[in-house]
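**Student:** Take a look at the letters that make up each chain.
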Amino acid sequence: MSTQSQEFKSLGLKVAVALAIVVLLAVPFITDIVGGNSALSLITRILIYSIAAASLNFVLGYGGMISLGHAAFFGIGGYVVGLLFVHYTDETPLMGVIPGTNQLLITIPAAIAVSGLLALIIGALSLRTGGVQFIMITLAFAQMIFFFFVSLKAYGGEDGIIVRRTNEFLGLNMRDRLTLYYVILGFWAVFMLALWRLIRSSFGTVLRGMKQNERRMAALGFAPYRYKLYAFVLSGMGCGLAGALMANFLRFASPDMLHWTKSAALMTMVILGGVGSFFGPLLGTAAYLVLETELAALTEYWQFWLGLILMAVVLGTRGGLNALIARGVALIFRGRA
Amino acid sequence: MILILEQLLNGLQYGVMLFLMAAGLTLIFGIMGVINLAHGSLFMVGAYAGTLAAAETGSFWLGIPVALITAAVVGFAIEALVIRRLYARDHLDQVLATFALILLFNQAITWGIGRQPVFIAIPETLSAPVELLPGLFYPPYRLVIIAAGLLVAYGLYLLINRTRIGMLVRAGATNRDMVRALGVDIRLLYTIVFGLGALLAGFAGYMSGPISAVQVGMGEQILLATFVVVVVGGVGSIKGAFVAGILLGVVDTMLRAFLPGILRGMMPADQADALGIGIASMGIYLLMALVLLVRPKGLFAAGG
Amino acid sequence: MKKLLTAASFLALTALPGWADPVKIGMITTLSGPAGYIGEQIRDGFQLAMDREGGKLGGKDIELVVEDDALNPGNGRQIAEKFVNDMDIKLLTGIVFSNVAGAVVPDVVDNGAFYLSPNAAPSGLAGKGCNENYFTIAWQNDSLHQATGAAAKALGYKKAVALAPNYQAGKDAIAGFKRMFEGEVEEIYTQLDQTDFASEMARIRAANPEVVFQFHPGGIGIAFLKQYQQAGLLGAIPMVLSEPSIDGVILNAVGDAAIGLKGTSHWAPDFDNEASKEFVAAWKGKFGDRPLTYYAQQSYDTGLLIASALAKANPEDADAFRTALRAADFKSTRGNFSFGPNQHPVQDWYAVEVVKGADGKPTTVSKEKIIENYGDIYAADCKM
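Residue numbers (the numbering used here), protein chains in the order written: chain A, 22 to 358; chain B, -13 to 290; chain C, 5 to 388.
Simulated from the structure, these hints should not be mistaken for lab results.
Virtual Cβ for every residue (Gly too), placed ideally from N, Cα, C.
Hints are supplied without guarantee of correctness; some may be wrong.
[What the hints assert, rightly or not] If you want the footprint, here are the derived chain C segments under chain A, 3+ residues with CB under 8 Å:
hint, segment
1, 59 to 73
2, 94 to 107
3, 166 to 177
[Said to hold, decoys possible] Residues from chain C shown here face chain B by an in silico Cβ test under 7 Å; the list is partial:
hint, residue
4, G40
5, E44
6, Y193
7, Q195
8, A202
9, A206
10, A210
11, G223
12, K230
13, V253
14, G259
[Unchecked claim] Derived DSS-like pairs (lysine-lysine); straight-line CA-CA distance at most 27 Å:
hint, chain 1, residue 1, chain 2, residue 2
15, C, K182, A, K174
16, C, K387, A, K174
17, C, K64, C, K290
18, C, K163, A, K174
19, C, K64, C, K281
20, C, K335, C, K60
21, C, K288, C, K335
22, C, K335, C, K316
23, C, K132, A, K174
24, C, K266, C, K281
25, C, K290, C, K28
26, C, K288, C, K266
This is chain A alone, in the form it adopts within the complex:
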């Protein structure tokens, strides 16, 4: 690839990012004019899930670790918000020592920290295996956590926790849908920026190198286990952030967030968009949620059509929607694929 086309590509990228920022800021006004208020909450959900999907993609696409247990971190993030809220309204301390709170500036870091800690434990054990065994052992840990919360009678068990009021944040009116959207957009932007820098840092380079050839990286003096574990923990923290935002948005946390089908859904979003690409998870999340919403509105047999579309994407494209778009763009600009 010539430097000219590289420059062209990076310019195109900058334009695309600038455009995306403008569009995202303008979303509430667009949906307001078009008259689809639920479109705003759909986009909010896309933002939240794309944080989780991008986090999963960080270990999956860049690190080559196929985790089928990321719902555990997503759910824990949600439950941290839920548990702290319950103890805030009850005015009793959690586990006898931790006071409850409804402040977003406390619950979000707490959710990130707790899910990071959980990822450290699960990752430290799981990374001793690889391949299919890694898929299954991450699933196993997630299932254990799922069963734990299902049997937690004090906090609603299977029925989950209703968070009656969204957490407070800088004195803003968080009941307002617009405000909530912009707050979540803010968190999303910070996360995406951090992820962008992380992937381009030396850490990201080492991680990608390991996916390609672990032995060579080890020979170069990078301990694979340590690097992979760091990546796993960071990824878990990202999912925790997404879970905490989701609990605030839905005002609800339940074991449903921890179920293995949620892990599978996150993985589906990543693969649909394109594994190992920066924008893939966002594309995949958007496509998945929009399909789910629109198809369900059309027919009660919507899962059949969703299945057909997923099948077509996986068999028909190599590298998901991201690759499909990249090929389309290349076709337009160069006249050939």
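Using the hints provided, position chains B and C relative to the given structure of chain A.
**Tutor:** Below, chains B and C alone, put in the same frame as chain A:
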């Protein structure tokens, strides 16, 4: 003592059922390198096909060949239409494609047959409990499942160890590329293995019909446990699937049966029950985690 | 199935321009997966209530919008937002499961819309969490099992084994049963995804109680009942059940293994009142052999309740509509029906028994009344 014996039989029966599912899955995994999430759908297809046939003919036994053949034919079809395109792909594409298959199968059943669970009776001759030992009453249908499972295990043992196909299967599980390089018609081998796996899953599905519910989504309930068996036993190993299936079946049953009672000796009853069933639910996952931490490739990993 | 604008109301609309817009009703329910049959019953029961008036309720044209939540709280919430915010629907119903209700109901009522539950009624929304725009036309989750406890006590049993899955509704079930049974109860918890109960059967036999109570909804309930018979326990130890374990679909799938079971219910297909007879006949006329369950009956009642309120006011006029709903001025298929202070039903509970029906399939017949005018234990905590 009698209670322990009865629970052991129960564990054995559950283990045999898991083995029937896991045997096919582990071969597909080991030989073709395909993660097939839709294996549970074949379980469901077998159950529905057999049940409908039994309702039509009025004979439970006529349902068996129908279940076997339908599951195998559906297996051949999805191998030819979908799975074949996935051999060269990575695990992620396989997961997504077979997940899509689950959606398709569940909706197809909902569409074609309806949402209500379907009724299937136990054959008349096997419905009354028999007294195995003084005081030990046991449903004969479960004994039939155990016997059938052991028979299948023996049949597979002969197939794998005494026939030419079995030799290729063993070779394929150990070193896929080498078999291909030797000029074996690998495509035919793959189709046969997949069809065999589908047939076993359909058999397991139909046999489980009279003791559980024939309904949409029944395959996913047993799918996770089956994957656990495959991984604990070691991918590609029939022997591993057998040992791990029985092991997990017995451990799961025993934990559920006796753990709450044992814990009651140490703590208040309600806490003991909550903790006991909590640990029992996690039991097979806990066991898998432990096995993998000690032997990262499972108990009987088939080389490669 | 997005817009189920019935032909009759469509004609009425076009024939009379300037006539009032139809009242929109949003139904969020579970139509996919193993529990899909429940949502189907709820949808069809409601439609029957509309068919009664040729597609109207309370003399007003109705536009019914149905969507599948796939038993996913997030999906349910998304659909609710669309209904309430975009389609301007003020009246929602249909949810099957408590966890979906938990994510949907608070948001719906906060936006000034009404939610009328045809099935789920979690305790979190019955006591302190009650709301003036939230009504339940089924029962509070606990009451269901309390009635069964009372029935077992009335039958003279003193020693029971109670089984339920190890999750909130399961624990509530056993707690509810114990509250009114008052005898000695050994509790056994199962797993939510369990399909093999051989080990529990052995424990029941070892405990040798006078009666067994079990609560396993849907497919796992079918498995439990079949295995109870196969273990030879059906003739040996009597079993009492609450409603979800003996609904029409389950009985149909269990077959003869269900004959002779005893249970409790707020309704059975043989109820001797006008509304119930009309409903059962309408169901047979439209769906023939398809099993009829109390899910459809509750949904039908929900339709009747809405009709009674719409005859007096529109949902846009929230206060008048709420007052009209509270009056519960309709002929319920279960006979006696009114709302308690938390807008949950106050109703009678009956003993029922499973017998072989005229068509050879098992069905429930009602026996004596066990509890009269019973609400739920959370009503006292509700401050509106």
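**Student:** Which of the listed hints are broken here?
**Tutor:** none
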